[in-house]
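Keeping their order, the protein sequence lines are chains A and B.
So that you can map any letter, position 215 of the first sequence is 215 in our numbering, and since no number is skipped, the others follow by simple counting.
So that you can map any letter, position 23 of the second sequence is 271 in our numbering, and since no number is skipped, the others follow by simple counting.
Note that these hints are calculated values from the structure, not bench results.
Some hints could be false.
[To be verified] In silico lysine to aspartate or glutamate, EDC-like type, Cα no more than 20 Å apart, as pairs: (1) 221(A) / 344(B); (2) 458(B) / 481(B); (3) 509(B) / 111(A); (4) 309(B) / 111(A).
Note that the structure is predicted; figures quoted are calculated from it, not measured.
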Amino acid sequence: MEGYSIWVAVILAVWAYIAIVTMLGPGLWWHEPLISGLVTGLVVGDVGLGLQVGASLTLMSLGMHTYGGATIPDFMTGAILGTAFGALGGAGPEAGLAIAIPAALLMTQLDILGRAVTTVFIHGADAYLERGDLRGITRMHLWGHLPWGLSRAIPVFLAIWLGSGPVQAFMKWLPQWFMNGMKVTGAVLPALGFALLLAQLPVRRYWPFMVLGFVLFAYLKVPITGIALLAVALAALYGSLKGGEQHG
Amino acid sequence: MAEAEVRPASRVTERDVRRAMWRHILTLQWSWNYERMQALGWLWSMLPILQKVHPDPESLKEAMRRNIAFYNTNPQIGSPLIFGAAVAMEEQGQGEVGDSLKVALMGPLAGIGDTIQAILLRPILAVVAASLAMAGSVAGPVIMILFGLAMIAVMPPQFWLGYRQGVGLVHQMAAGGAIERLTEAATVLGLTVIGGFIPSIMAGLKTPVKFVRSVTVGGQVTEKTIELQAVLDQILPYMIPVLVTAFAYWLLRGLRLSPAKTLLVLAVVAFVLSALHIL
């Protein structure tokens, strides 16, 4: 088999759209690579391959989470493309992953682009708010998912419609410095999420607790679960000690 | 019912409250953006309440302006609770109190919610599901689908808890400091967890820089390699994640850059440092 019919491309593009928008709300977790691998496997007629590609990508994504809006590799799109191309002519899971991983990394670019475009909607909403136009506000919010959905649906459609040749050629055409830069950017971006969180908190007054959390992990190697439990205890103790002062 | 006494002129019905809840659960992040993140989703969810509480267009605008401010937290664990409390407060004309509660809780609850979801639940589930799938069992993805449904199932109870507590909190305010104590405890919790998160999430940020020197020791020339990362680790473990976070914080708070511009600066710095083989 050389390629897929246009309908396979359409169906998988629609799935990619739905999966990313449900991630935004209500959070069905359909963007998990394992689920997208299964769905793609069903569509292209190779469930076993979909499970393998999805499982490999799931293990790669352990510990990755979009903290405070950071961009992580898009393993959902990776799973769709990896499964679809791996099933072509019995290319197998290795060939699938060879497409899936760079595709997941490359998609971070489009994720950032999609997220950047959505700024239009908040500015639109501000304008409608001043005019007292509630319908306008509603439209701005509900249309907000367009850039998100399209940033996944268009590349999935094009890649599967065009076939594996052009996709691999495009990947090879990308210079190494670009791929490296993307990788480092991905590693740096969680800092934005943390900084956004910290900007919301009274860090100046409560900084010792942050130092404590850091020391627990960095020097004492306490896992995050342990730190969270200790933090609950600290919060409870801190509250009761302060309460005691007031009454005493 | 005692609750009826504290709902004076407001014509908010239970149907309005339910509508607000479902808007929040189903669409909170549809219009997510770098600038104010979940702000527009929050406002749209609150609209059914605001329209009833503020029949006067000018006062409605004022309330909407408050509700379109920056907001971001874990949408599934935390946000329904915060939103429920805020709905209760808006309903009683105490929107400003709701605002401060929202700002105080969104950071800590993002920390708690993300920890529960991404550090406790998801990795454990993902490993089990992935190993089942590797063995060819469809049970793997099915577990994931069930997990997604379970996450939705915990949202309405959180909303109602927040909503009921929110009504109670307004009463307790005069009696003294309930919100302050809650906020304080949440801040302590959130910051401690963030302190651990910064090094753990960004542990991959290391420098490959090496210095190779030929040194003559007792007449023999040997090559000596000094790895910069090892030196940095001795000064402060995870120094690069700490510096990068401090840099991002300084861009946001010190230079007052928008989140989108901060992102751009971070990306440019990352590309330059990677091209120079420093990161």
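Verification of the supplied hints:
1. 221(A) / 344(B): Status violated; Cα separation ~42 Å.
2. 458(B) / 481(B): holds (14 Å)
3. 509(B) / 111(A): holds (16 Å)
4. 309(B) / 111(A): Judged against 20 Å, a Cα distance of about 33 Å means the pair is violated.
This entry does not satisfy hints 1, 4, going by the numbered hints stated previously.
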